[in-house]
Amino acid sequence: MGLDLSFFTWDLARNFLIGGLIFSVVLTLVAMTGGIFFGTLLALARLSDRPWLAFPAAGYVNAMRSVPLVMVILWFFLLIPFLIGRPIGAEWSAVITFTAFESAYYSEIMRAGVQSVARGQAAAGFALGLTYAQSMRLVVLPQAFRNMLPVLLTQTIILFQDTSLVYAIGAYDLLKGFETAGKNFNRPVEAYTLAAVVYFVICYSLSGSVRRLQRRMAVVR
Amino acid sequence: MIEIRNVSKWFGAFQVLKDCSARVDKGEVVVVCGPSGSGKSTLIKCVNALEPIQEGEITVAGIPVTDPKTDLPKLRAKVGMVFQHFELFPHLSIMQNLTLAQVRVLRRTREEANEKALKLLDRVGLRDQAQKFPGQLSGGQQQRVAIARALAMDPLAMLFDEPTSALDPEMINEVLDVMVELAHEGMTMMCVTHEMGFARKVAHRVVFMDGGEIVEDASKEDFFGKPRSERAQLFLSKILQH
Amino acid sequence: MNFRWEWEVFLRDTGGGESYLDWMISAWGWTLAVSALAWLLALVLGSAVGTLRTVPSAWVARLASAWVELFRNIPLLVQIFLWYHVIPALVPPLKEVPGFALVVFALGLFTSARVAEQVRAGIQSLSRGQQAAGLALGLSLPQAYRFVLLPMALRIVIPPLTSESMNIIKNSSVAFAVSVSELTLFALQAQEETARGIEVYLAVTGLYVASAFTVNRAMTWIEARVRVPGQAAPERR
Numbered sequence: 129m130g131l132d133l134s135f136f137t138w139d140l141a142r143n144f145l146i147g148g149l150i151f152s153v154v155l156t157l158v159a160m161t162g163g164i165f166f167g168t169l170l171a172l173a174r175l176s177d178r179p180w181l182a183f184p185a186a187g188y189v190n191a192m193r194s195v196p197l198v199m200v201i202l203w204f205f206l207l208i209p210f211l212i213g214r215p216i217g218a219e220w221s222a223v224i225t226f227t228a229f230e231s232a233y234y235s236e237i238m239r240a241g242v243q244s245v246a247r248g249q250a251a252a253g254f255a256l257g258l259t260y261a262q263s264m265r266l267v268v269l270p271q272a273f274r275n276m277l278p279v280l281l282t283q284t285i286i287l288f289q290d291t292s293l294v295y296a297i298g299a300y301d302l303l304k305g306f307e308t309a310g311k312n313f314n315r316p317v318e319a320y321t322l323a324a325v326v327y328f329v330i331c332y333s334l335s336g337s338v339r340r341l342q343r344r345m346a347v348v349r
Numbered sequence: 014m015i016e017i018r019n020v021s022k023w024f025g026a027f028q029v030l031k032d033c034s035a036r037v038d039k040g041e042v043v044v045v046c047g048p049s050g051s052g053k054s055t056l057i058k059c060v061n062a063l064e065p066i067q068e069g070e071i072t073v074a075g076i077p078v079t080d081p082k083t084d085l086p087k088l089r090a091k092v093g094m095v096f097q098h099f100e101l102f103p104h105l106s107i108m109q110n111l112t113l114a115q116v117r118v119l120r121r122t123r124e125e126a127n128e129k130a131l132k133l134l135d136r137v138g139l140r141d142q143a144q145k146f147p148g149q150l151s152g153g154q155q156q157r158v159a160i161a162r163a164l165a166m167d168p169l170a171m172l173f174d175e176p177t178s179a180l181d182p183e184m185i186n187e188v189l190d191v192m193v194e195l196a197h198e199g200m201t202m203m204c205v206t207h208e209m210g211f212a213r214k215v216a217h218r219v220v221f222m223d224g225g226e227i228v229e230d231a232s233k234e235d236f237f238g239k240p241r242s243e244r245a246q247l248f249l250s251k252i253l254q255h
Numbered sequence: 027m028n029f030r031w032e033w034e035v036f037l038r039d040t041g042g043g044e045s046y047l048d049w050m051i052s053a054w055g056w057t058l059a060v061s062a063l064a065w066l067l068a069l070v071l072g073s074a075v076g077t078l079r080t081v082p083s084a085w086v087a088r089l090a091s092a093w094v095e096l097f098r099n100i101p102l103l104v105q106i107f108l109w110y111h112v113i114p115a116l117v118p119p120l121k122e123v124p125g126f127a128l129v130v131f132a133l134g135l136f137t138s139a140r141v142a143e144q145v146r147a148g149i150q151s152l153s154r155g156q157q158a159a160g161l162a163l164g165l166s167l168p169q170a171y172r173f174v175l176l177p178m179a180l181r182i183v184i185p186p187l188t189s190e191s192m193n194i195i196k197n198s199s200v201a202f203a204v205s206v207s208e209l210t211l212f213a214l215q216a217q218e219e220t221a222r223g224i225e226v227y228l229a230v231t232g233l234y235v236a237s238a239f240t241v242n243r244a245m246t247w248i249e250a251r252v253r254v255p256g257q258a259a260p261e262r263r
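Chains as they are written, first to last, in the working numbering: chain A, 129 to 349; chain B, 14 to 255; chain C, 27 to 263.
Only chain A is shown next, with the shape it has when bound in the complex (with noise of 0.2 Å):
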């Protein structure tokens, strides 16, 4: 048996396909966006000095880091309405439980982000007379996320792909949009391969840029 593509029109990608590739993508962006402030502050609060900032920190990280996401979803979306006592869509669910859950993996980036900046940075920004925050903010963190950027950058693709693990809670994202296509003109075969392949291609194409970036950092170093 082949595949026959014929089904697959420019009406079909308007009514199915535009509006869950939309989604994916603002998911991922905001995600990222999101978890990158909050992770950074992760990171911070992980490696203060005092140990009731660090301690939540690391546990926070830690508990993310160890349940599959799909029950991370599962939680959140059986919580928050429990939490703030009325329903919540599956989309605005799956935007807090990515930003939430993505940050402690972008804290585990950012954390050796810091600590790949010489301890000489952060003190010659306080022989300066800068505070804390500032040297931080003005001195290694720009450093820090410059060092991560393609780390971060791998992430994201990872982000990107994990999205389509809003499966669970039913929110309408890309592959959500190539199954309904696939169930509404009886193609399933032909839905699933075209997803695998936009996917890929826009994977696939995202660490290209990455390798280019970081080849060119190597050189600049």
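Rather than coming from a laboratory, the hints here were simulated on the basis of the structure. Hints are not guaranteed to be accurate.
To be verified - Which chain C residues face chain A? A few, computed with CB under 7 Å, are given here: (1) 101; (2) 104; (3) 111; (4) 227; (5) 246.
Unchecked claim - The following label-pair restraints were derived from C-beta to C-beta distances: (6) A:265 with B:182: 22 to 32 Å; (7) A:325 with C:48: 24 to 34 Å; (8) A:219 with C:253: 24 to 34 Å; (9) C:48 with B:116: 36 to 46 Å; (10) B:125 with A:333: 33 to 43 Å; (11) C:155 with B:246: 53 to 63 Å; (12) A:252 with C:31: 50 to 60 Å; (13) A:252 with C:151: 29 to 39 Å; (14) C:31 with A:333: 42 to 52 Å; (15) B:237 with C:82: 51 to 61 Å; (16) C:155 with A:345: 43 to 53 Å; (17) A:186 with C:95: 31 to 41 Å.
To be verified - If the Cβ cut is set under 10 Å, some of the chain A residues that face chain C in the computed set are: (18) 285; (19) 291; (20) 310.
Glycine is no exception: its CB is placed at the ideal position from the N, C-alpha and C atoms.
Chains B and C: place on chain A using the hints.
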């Protein structure tokens, strides 16, 4: 025994060896010296085809190294090689380091291989370390094990690639002593080294390289007595100053 | 908020003569079985592919890296759908294969790409001199890999493989999407049937964490067993 004829080699666009020719006869000890980056380490690695060459020809015991039809493992088994960084196999005990290739390449029985290994460890003064692992020995001890490992294959000739330059000063002599003894027994040796004392003691000839070229190829007496080239004179004056 | 624990939920009958506890234990078994078999597949294929990525032959290395790119750039869930919905449709004999086995293939091949990357990095972290020393003794290239490079490389990759083996347990949860009766599917269905989501999720999460922790201990034990005397212990976080 070893014959190098008009060998040239490039790394990309950079020419590391320029039309090099040299020979090592049976029972002869030849020291190759020269400033760092002169291509001497590359040249010695070409002798057992660890580095490919683009032009020229190398034969060992009459076998053309550069011929694609040559059975390289068989040839390499007949040529012992000692590396700058020892390159013992860290996951194998000293005994296993000495017996691995005897059993796998020469197809000796375990008993034969063990017997040979112990004899050679005795010779380099390390029999009591046989059951240890490389990481538990000092640099000098590791290099002596590496020499024993190469000798266990009953090589026709030995190649030494800067065998003492990764060693702490106090360990250099224990390795050189083993090499001197080997030379006195008539082993054919090609040694890349800066140890001019060793060269004076046992070398028959000295080959001096600079910038990928063989600048001088002279008897020991001529080389240390009246080197012809200015570059060799300069090199010797630098290295022998202290 | 008045929430009361109701752990008795696990003793309730599912309607099929067994309790939810029984169901959860059997689901745990499926999770472990999928993970273990997929891990075996990933180790064998990943070591082979990772090794081939380092060989001198350019087209072999390129084929091996195509393998890695293919399985690394498609989301696991999509790969599971491919194995479950697409491949049996294209290769009819595979229709007889149970869904459980298809999920093992999907998860195993997905993980093999990640194992391959670790193995490649492990081999490349050894000095080039090690390979040269093996060849100089007369070992053939396959022998040099077998006796010199791989024994050291495989020791080096144990710590990263430890986290991969914990990942595979977490990733096995994606099998819920094709109705393999493992822990996550149990969590979803039991939550719906009993409306005691918090108790159910807590128990399931606990089992995942306990499984991953056990695997971590086991790998650490293996790592200590194969440590080479005289080599510094690898740095651990």
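Structure-based check of each hint:
1. 101: With Cβ-Cβ at 4 Å, under 7 Å, it holds.
2. 104: holds (5 Å)
3. 111: holds (5 Å)
4. 227: holds (6 Å)
5. 246: violated (16 Å)
6. A:265 with B:182: 22 to 32 Å: At roughly 50 Å between Cβ atoms, residue 182 (chain B) and residue 265 (chain A) fall outside 22 to 32 Å, so the hint is violated.
7. A:325 with C:48: 24 to 34 Å: Taking Cβ atoms as reference, residue 325 (chain A) and residue 48 (chain C) lie about 42 Å apart, which means the hint is violated.
8. A:219 with C:253: 24 to 34 Å: violated (49 Å)
9. C:48 with B:116: 36 to 46 Å: violated (55 Å)
10. B:125 with A:333: 33 to 43 Å: At 59 Å between Cβs, range violated.
11. C:155 with B:246: 53 to 63 Å: At roughly 33 Å between Cβ atoms, residue 246 (chain B) and residue 155 (chain C) fall outside 53 to 63 Å, so the hint is violated.
12. A:252 with C:31: 50 to 60 Å: Distance hint for residue 252 (chain A), residue 31 (chain C) holds at roughly 54 Å.
13. A:252 with C:151: 29 to 39 Å: holds (33 Å)
14. C:31 with A:333: 42 to 52 Å: Given about 50 Å between the Cβ atoms, the range holds.
15. B:237 with C:82: 51 to 61 Å: violated (42 Å)
16. C:155 with A:345: 43 to 53 Å: Distance hint for residue 155 (chain C), residue 345 (chain A) is violated at roughly 29 Å.
17. A:186 with C:95: 31 to 41 Å: Roughly 35 Å apart at Cβ, these two residues keep to the hinted range, so it holds.
18. 285: Holds, because the Cβ-Cβ distance from residue 285 (chain A) to chain C comes to roughly 8 Å (cut-off 10 Å).
19. 291: holds (8 Å)
20. 310: holds (9 Å)
The structure fails to meet hints 5, 6, 7, 8, 9, 10, 11, 15, 16 from the earlier list, while all remaining hints are met.
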